[in-house]
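Engineer: As given, the protein sequences belong to chains A and B, one line each in that order.
Counting from 0, one number per residue, gives the positions in the first sequence under numbering that gives the first Met the number 0.
Counting from 0, one number per residue, gives the positions in the second sequence under numbering that gives the first Met the number 0.
Among these hints, one or two may not hold up.
What the simulated footprint calls covered on chain B by chain A, stretch by stretch (three residues with Cβ under 8 Å from a Cβ of chain A suffice, anywhere in the stretch; the number is not a length) [what the hints assert, rightly or not]:
1. 17-24
2. 325-333
To give an idea of the chain A side of the interface with chain B (calculated C-beta under 7 Å), a few residues [what the hints assert, rightly or not]:
3. Tyr252
4. Thr478
5. Tyr512
6. Trp536
Simulated from the structure, these hints should not be mistaken for laboratory data.
Beta carbons: idealized from backbone N, C-alpha and C, even for Gly.
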Amino acid sequence: MKKTNIFRRLFQLTSKKPKFSLNADSFDPSQNPPVDSENETGEYLTANLAHNRKILESIFGLPVNKDVVIRDFTIASLKKKALLIYIDGLSDRNTQNFAVLQPLMLLSRGRLETDEPIDIAYERLVPGQQVEKSKKLEDVINGILDGSTALLIDGSDEAIIIDTKGWEHRGVDRPTNEPVVRGPQEGFNETFRANTASIRRYIKDPKLITEIMRIGKRSRTLLALLYIKDIANPRLVKEVKRRIESISQTTDYIVETGSLEEFIEDHPRSLVPQMLSTERPDRVAAHLREGYVAIVMANSPFALVLPTNFSIFLHAAEDYYLRWPFGNFIRLLRSISIFIALLLPSFYIAVVNYHQEMIPTDLMLAMTAAREAVPFPALVEILFMEFSFELIREAGVRVPSIIGPTIGIVGALILGQAAVSASIVSPILIIIIAITALASFVVPNYNATFTIRILRFLFIILAGFLGFFGVSFGVFLMTLHIANLNSFGIPFLTPIAPYHPENKDRVIRPRAYDQPNRPVFLRPLDWILQKDISRPWDNSDASDGNERDDDDEE
Amino acid sequence: MHQTGTKEMMMMKNDMMIGHREALTLLVTLMSGQVFLSMPRNMALLGDTAGWLIVLLSGIFSLIGYYFLASLLKEYPGLDILQISQSLCGKYLGTLFSIIFFLFFLSISSLMLRQFAESFIISILPNTPISIVCFFFLFLLVYGAIQGIETLTRVAWFFGPYLLLAFIVTIGFSMPYADLQLLLPILGKGPLTLLKHSVFHISLFSNVILLGVIAPKIREQDKVSRIGLYSLILAIVINTLVTATVLITFNYTSTSKLVFPIFQLTRLITLGEFIQRTEAIFVFLWFFTAAILMGGMFYGTVISFSHSFGITNYRPLVFAMAILIFTISLFPSSMTETVDLDAFIVSKYYPLVTFGIPLLLWIVSRLKKKGINTNG
Chain A
0 MKKTNIFRRL FQLTSKKPKF SLNADSFDPS QNPPVDSENE TGEYLTANLA HNRKILESIF
60 GLPVNKDVVI RDFTIASLKK KALLIYIDGL SDRNTQNFAV LQPLMLLSRG RLETDEPIDI
120 AYERLVPGQQ VEKSKKLEDV INGILDGSTA LLIDGSDEAI IIDTKGWEHR GVDRPTNEPV
180 VRGPQEGFNE TFRANTASIR RYIKDPKLIT EIMRIGKRSR TLLALLYIKD IANPRLVKEV
240 KRRIESISQT TDYIVETGSL EEFIEDHPRS LVPQMLSTER PDRVAAHLRE GYVAIVMANS
300 PFALVLPTNF SIFLHAAEDY YLRWPFGNFI RLLRSISIFI ALLLPSFYIA VVNYHQEMIP
360 TDLMLAMTAA REAVPFPALV EILFMEFSFE LIREAGVRVP SIIGPTIGIV GALILGQAAV
420 SASIVSPILI IIIAITALAS FVVPNYNATF TIRILRFLFI ILAGFLGFFG VSFGVFLMTL
480 HIANLNSFGI PFLTPIAPYH PENKDRVIRP RAYDQPNRPV FLRPLDWILQ KDISRPWDNS
540 DASDGNERDD DDEE
Chain B
0 MHQTGTKEMM MMKNDMMIGH REALTLLVTL MSGQVFLSMP RNMALLGDTA GWLIVLLSGI
60 FSLIGYYFLA SLLKEYPGLD ILQISQSLCG KYLGTLFSII FFLFFLSISS LMLRQFAESF
120 IISILPNTPI SIVCFFFLFL LVYGAIQGIE TLTRVAWFFG PYLLLAFIVT IGFSMPYADL
180 QLLLPILGKG PLTLLKHSVF HISLFSNVIL LGVIAPKIRE QDKVSRIGLY SLILAIVINT
240 LVTATVLITF NYTSTSKLVF PIFQLTRLIT LGEFIQRTEA IFVFLWFFTA AILMGGMFYG
300 TVISFSHSFG ITNYRPLVFA MAILIFTISL FPSSMTETVD LDAFIVSKYY PLVTFGIPLL
360 LWIVSRLKKK GINTNG
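For reference, chain A alone in the conformation it holds in the complex:
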């Protein structure tokens, strides 16, 4: 390279235009008019194959778009030209070859005379198990985009949409976020039909309705609304449908139940999640039989159950699979841990800053001695530690799994030994943070943990300002807010407040056989979950022989 060239590069004094920029000049609406395919093409197919082909080509942007494949051929028996159109990679080659092309081109040799070639093809030529006819262009497009193959025959204004879906996908796996020790070990995955089917495997009830809708103008994501027709309140179903339909055409792209949740929930600005998202089909099924409504979306391994109440903070699937005392032991543990996760750091701050007299003198001396070398106020100390713990938590999720163990080492070293020996935090604080962290992991719902994680910081700050007065202010405000929340028409604190004595599954769950009613706050069509005849042998009034035998022995 020449010396002058280097010099010129270093001291480039003239302003140079960037090689490429997306500034305002780059878009000229008159030059590239927005393509609106719906205006060009009609709503229905025509009887002319060449015209249909042209329409489809313009819709799918052929021949630039290489995803969409059109295969022209002649149906020998009908002496008609035909075409297949599908998306490469979404449809299964074997099905196409052996169940569509082979019968159409090779197997049907005899001459078939008819005015309606499409009916003959539908009835006699295409052996696929899920085949439908449609005149609507919209159906054809949606079918193709779903991975089906559309068959168009010359002289017919109808298309046959043959189900040839088949793409690479993840198999059914264990639920990664809601593991249980006892109970089904199967979670949802990204395949739509596999998810709906796995729910139906738990409820083999013909009244379980799966309504399918599409959502998002561009994503056209399939969405299933599941409910049991003779249990779920029709008004609830209608409301859920109304909310989904109202956004199905106004939004471009909804692909996860997480973003759907935000679109349809009652209080989008609240810290509290108002729907239960779960990846366990057994949990969805258990809710469905109580009268809840579930939403399953294609490409999302999380289903939504709505409405929901405070139970998302407390209840987990396993509570019901374990025996009554064991399940309730976990429930109690969980409720205590929610308080710890929310309030322990703020209690520490309040005690250290304002109410030293509360703790025994020995412990207070130990704490003061431990804090002696620490140069920060307790509030700064605990905010620093909580922040670094949140860092570790978030980093642990994002870090590539190969270097995952590093996080543990770094975290343990920073949070544990080093921070204490450098006198940045006191050892008692480490214990507080560790217990809080453990307690916050006990909360069974991932969304609900966020509520607690964020609120914890608010409580710490309130405690730092006003001690227990601040904490109690925070708790009361939180309770006011939660008592005011509504999730699809049911109050968030129900069945505690408003109180429903019929439903005993609040903090402590009743025995499995001792739960005669469905959640009445959902106003289900059928209130009776199980009749009193469960365990008839417990009934002392039963006049069977056993009772008398016992008496005789005495």
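Got chain A; can you put chain B on it based on the hints?
Structural biologist: Relative to chain A, chain B alone:
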């Protein structure tokens, strides 16, 4: 479009109903929340050893006073006491009654705010300015009033069992220090003084008037009068027990010198060697009681004001009313002045409002009925 949306939401909020359990807890909290303040001390001042009897007797008298309110509410279901007064006495007199109710609620909210704020400053936040404490309370009042009374009753029901538990624990743990001898002489200053004070202090239970305000919102209309009755009885039991416990734990002379005796009572609680001073835990329940009590009274203030001037949506009033209450609460120059003002001066007029007006209305409705009967 947007406006109709908000209108619908308002409708929804107003349409929400109160369960009878929730209403009952709210009323009990309203009437017995004052035991956290200087109520036991005032009773000791008035009746010496018979302070608890004053509570009991005034409770019984207020039951009689309540009968008129209950029968009014029964006669006009779906109307609150302010609407009843307007429909019975015409627009002008009814509005006057509404304004009197408003003044009652205003005075009780302001005095309660001041007293609770002072009690928290004395007990746990000695260096905090009163305006800060008041601000946090007012924040809750405003938020609660905007959410509506339904939310407040739910919160009351949610905390109710814990509050009751706290009362029982406080009473139970102070028993080792108790001496029943301290209740002697049983009639204190004599039966006549006792009776006089009991009659003049039925204001202890005047908060039951909030039932008149929330009655149309209660889901089971046939239970309205029973809600008031049971809540009164429960409050009488709680207030009497607490006052008696204070009197037998400290003697009446010391009680009359403690401004907030319950706080001293919680200080006595020890659980073995480890948990020695639990009053900070009681701060929570104390706070919740205070917030529920003031929330209810604040709601009454706002509602009675909006009724007096025919305002259908009370929510925009909330902020202005909060500032008004805060200002009035700062009128007394000191804490003892506030306590005395509340206990011995202003409260003399409370029964005229809370039991007198219902009695008047009841008489008017009887007369009207008679008039209709004789005319017809």
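Engineer: Go check the stretch 17-24 of chain B versus chain A for me, would you? Three or more residues, Cβ under 8 Å, otherwise it fails.
Structural biologist: This one holds; 3 residues, not fewer than the three required, reach chain A with a Cβ under 8 Å.
Engineer: Should the interface hint for tyrosine 512 of chain A be scored as holding, given a Cβ-Cβ cut-off of 7 Å against chain B?
Structural biologist: violated, 27 Å
Engineer: Just to make sure I understand the rule, a stretch counts as covered if three or more of its residues have a C-beta closer than 8 Å to a C-beta of the chain. Does the stretch 325-333 of chain B meet that for chain A?
Structural biologist: violated (count 0)
Engineer: Identify whether the interface hint at threonine 478 of chain A stands, where standing means a beta carbon of chain B within less than 7 Å of its own.
Structural biologist: Where the cut-off is 7 Å and the nearest Cβ of chain B is about 5 Å from threonine 478 of chain A, the hint holds.
Engineer: Holds or violated: the hint that tryptophan 536 of chain A contacts chain B, with Cβ atoms closer than 7 Å.
Structural biologist: Because about 35 Å separates tryptophan 536 of chain A from the closest Cβ in chain B, which is outside the 7 Å limit, the hint is violated.
Engineer: Is the interface hint satisfied for tyrosine 252 of chain A? The criterion is a beta-carbon contact with chain B at less than 7 Å.
Structural biologist: violated, 25 Å
Violated hints, listed in ascending order, are 2, 3, 5, 6; each of the other numbered hints is respected by the structure.
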